[in-house]
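**Student:** Residue strings, one per chain:
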Amino acid sequence: MNAEATRPWLHGLLELCLLGLLGAQRDYGLSLSGRLADAGLGDVPGGTLYPALLRLETTGLVRSQREPSTSGPPRKYFELTEDGRDALEGLRAEWRTFSRSINTVLGAEARR
Amino acid sequence: MSDWSANFRHALTERGLDPARIDQLDCDALEQAADHGLAPEQVFGPATVYADRVARALRCPAAAPLPAQGEPGCALRLTGVSKRYGRRQVLRDVSLEVREGELVAVVGANGCGKSTLLQICAGTIRPSSGTVERVAHVGYVPQTGGTAELLTPVEHFQLFAAARSDSRGRGVAIGTQLATSLGWRPPASQPAGQLSGGTRQKLNVVLGELSRPDLLLLDEPYQGFDYGAYVDLWAQIDRWRETGAAVLIVTHMLGELHRVDRVVELDAPKDC
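From first to last, the protein sequence lines are chains C and W.
The first sequence: position 82 = 82 (the numbering used here), numbered continuously.
The second sequence: position 37 = 1037 (the numbering used here), numbered continuously.
The hints are simulated quantities; they were obtained by calculation from the structure and are not laboratory data.
Please note that the accuracy of each hint is not assured.
[Unchecked claim] Derived SDA-like pairs: lysine to any residue, alpha-carbon spacing no greater than 20 Å straight-line:
#1 C:Lys76 x C:Pro8
#2 C:Lys76 x W:Ser1005
#3 C:Lys76 x C:Thr58
#4 C:Lys76 x W:Ala1020
#5 C:Lys76 x W:Ala1057
#6 C:Lys76 x C:Arg35
#7 C:Lys76 x W:His1036
One chain only, chain C, in its complex shape (with noise of 0.2 Å):
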């Protein structure tokens, strides 16, 4: 799919991949979208990237830290709090279902 065809999909899922970026590592905004990109997400623009960290953040499931990088300006580096990994668990239960749910409507299971 390319980054338009994602980007509807995306949009109320963003914060749940960061959270599952996050659960595997703990990273910096350009990584994080580095790692977006390659998972064949598309492009996320800063404009919302970054936004939403701060609403992962503002809600207590992430915190972050500023740190001294070899290569160029201090990097902010973003990791789950313990309400954080909660909320992971919890919301990819959910989306199991959900996904399964919406695969069984769509007819993707019976065919496969």
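Dock chain W against the given chain C, drawing on the hints supplied.
**Tutor:** Then chain W, alone, in the frame of chain C:
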């Protein structure tokens, strides 16, 4: 300082953020843009738009909703309420109930009596027949009016606090905090009469909530709001509900009805 940075800082200031937080957000943005190897404009888009998103991201409720405790009580109950002005029947036999922690919307054609219904709930007019039962502590945000032209926002906060025998200082502190959550910083010396329509309506919303009422009556409360404030208001309504307040809102924003617990539809006027 680049223009982007100056615009970003200005927009955050307008949205009521404190200077230390603004320094930090500006510094973050510039460093993140440098990390991308691009100008801030290219990474984040226009500074004002980005500032609005950032300010909204920072206003997410941090606290989890209170756990529900038993069956919620009834905050408002209308039974067979009718209202006529002379021969004109405005409301006919309306019954509705709003429980604590519930958001109920009133919809219907123009002129079907939505505002009249809310005034009856607020107790500013009497129904021709039927009964109104409600909790004592009510906040009412009328569609227009509700503010005094010559008083500043801060004087409004003091007046409304005094009316509930609350300390004036506390009224001002809470009022200012509520204004910030709508992305508004009340001006120190401007009387309400000189505020724009949208800003005066924000003052109205703050006054409605100022005393933490158990029941909030909102009559199209977002007239003249910019989009950011409109989104903030719905977020704020969610928070009121989560803390157990009952909310009755007159709205024609049908796109927001997925947020409400129930919709009450009033019949279209018959004789016009």
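**Student:** Each hint needs a verdict: does it hold in this structure or not?
**Tutor:** These are the hints, each one checked on the structure:
For the proposed pair lysine 76 (chain C) and proline 8 (chain C), the alpha carbon gap of about 28 Å is over 20 Å, so the pair is violated. Our distance criterion of 20 Å between C-alpha atoms is met by lysine 76 (chain C) and serine 1005 (chain W), whose separation comes to about 18 Å. With a C-alpha separation of about 15 Å, the suggested pairing of lysine 76 (chain C) with threonine 58 (chain C) holds against the 20 Å cut-off. For the suggested pair lysine 76 (chain C) and alanine 1020 (chain W), the alpha carbons sit about 17 Å apart, so the restraint of at most 20 Å is met.
Between the alpha carbons of lysine 76 (chain C) and alanine 1057 (chain W) the distance comes to roughly 17 Å, so the proposed pair stays at or under 20 Å and holds. Taking the CA atoms of lysine 76 (chain C) and arginine 35 (chain C), the gap is near 16 Å; set against the 20 Å cutoff, the hint holds. Among the hinted pairs, lysine 76 (chain C) with histidine 1036 (chain W) is consistent with the structure: their alpha-carbon atoms are about 13 Å apart, no more than 20 Å.
When held up to the earlier numbered hints, the structure conflicts with hint 1 and nothing else.
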